[in-house]
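2 protein chains.
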Amino acid sequence: MELLEQRIRTDGKVRGGEVLKVDSFLNHQMDVALFQEMGKEFLRIFGDCGVTKILTIEASGIGIACIAAQYFNVPVIFAKKSKTRNIDGNVYTSKVESFTHGKVYDIIVAKEFLRPEDRVLLIDDFLANGSALQGLITLVRDAGATLVGAGIAVEKAFQPGGGLIRGMGVRVESLARIKSMSEEEGVSFC
Amino acid sequence: MELLEQRIRTDGKVRGGEVLKVDSFLNHQMDVALFQEMGKEFLRIFGDCGVTKILTIEASGIGIACIAAQYFNVPVIFAKKSKTRNIDGNVYTSKVESFTHGKVYDIIVAKEFLRPEDRVLLIDDFLANGSALQGLITLVRDAGATLVGAGIAVEKAFQPGGGLIRGMGVRVESLARIKSMSEEEGVSFC
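Top line first, the protein sequences correspond to chains E and R. Numbering of the first sequence is given in the numbering used here, commencing with residue 11 and proceeding in unit increments. Numbering of the second sequence is given in the numbering used here, commencing with residue 11 and proceeding in unit increments.
Treat each hint with caution, since some may be false.
Note: identical chains are not told apart, hence a pair may lie in one copy or across any two.
Stated by the list, open to error - Straight-line C-alpha distance at most 27 Å; calculated DSS-like pairs for lysine-lysine:
no.	residue 1	residue 2
1	Lys-121	Lys-31
2	Lys-50	Lys-31
3	Lys-91	Lys-105
4	Lys-31	Lys-105
5	Lys-91	Lys-113
These are calculated hints, taken from the structure and not from any lab test.
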């Protein structure tokens, strides 16, 4: 998506070899006008898939997912990062490894909101190692719901997540796919 | 706001004396069509205040804030719950006490996104003890920005937060104000 790539070129900041800061428009300050264009693009891609729910993960996926959901006319569910290991029988749960924070945490979704008859579109801001997306996929499969695919804002295509998730047979559509990046050369896209 | 009160009556669940579960439409599963009507109502209330930024706090305020921001044509910033005490000089920080989880955590906003010339509207899903809102107010004041007010979805008016924040001279507008609630009697509004 040219608009998003252009914005990353203009306002993204590469820090070290693998950190892309997009916090001026995507995941700390959020440009909702940009999110609207991204939402329309997700609708163009997944609009004929019969989506009934959008599932994302707290916190930075929520804004993109909510704006996109308006075009699909469906509710959003966000998987919560669980603070306790004390899981009751009313939630689906899976594990996500955070490479940034170097730890594993549980994510949960209440069973009542993810039903076997649902057709679920996953939306998230970043795809790098794919751990968050794998966690969400596990929740959808445990619910017996149909996974329509995953709509990602920014994919670091030089990291293994995209290949891994596509290798599982999941349709992954990323609005901007980064081939390589460096502080000197900036960002180049696939 | 009649639409929100009606929804709370229909789909909200009172647990014990002080817990109102609205996770089927507000803060786990999110009804974005409802959020649109709430966003329009916030615009009706605060539309003539020259708002330049909406500030919320992760996670459950983000969806409401992003949908509302479309009507104001302004960006959203969400204050992040900091995982480290290692605060560098590039952020404003304050403390929030979580009564649900029984602990105090730091919230941060990058200084570059909150400027003295900004006119800031706070948006959050709940107002009870007022700790989250007080934390956000501190961030705005530390930035030297102008605080326009706070737009809240659900205020538990029987808890001290609303009185506390209004007593600080802050304009607080809540779309639904709960006077009392119980498992037996349900919810009654102010």
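Going down the list of hints, with the structure as the test:
Taking identical chains as interchangeable, the C-alpha atoms of Lys-121 and Lys-31 lie at most 27 Å apart only when they sit on different chains, with a minimum of 15 Å there against 34 Å within one chain. Taking the shortest alpha-carbon separations for Lys-50 and Lys-31, only the intra-copy value of 24 Å comes in at or below 27 Å, while the best inter-copy value is 32 Å. With identical chains, the CA atoms of Lys-91 and Lys-105 are at most 27 Å apart both within one copy (9 Å) and between copies (20 Å). In the homo-oligomer, the alpha carbons of Lys-31 and Lys-105 lie at most 27 Å apart both inside one protomer (25 Å) and across protomers (25 Å), since each shortest distance falls under that limit.
With identical chains, the CA atoms of Lys-91 and Lys-113 are at most 27 Å apart both within one copy (12 Å) and between copies (16 Å).
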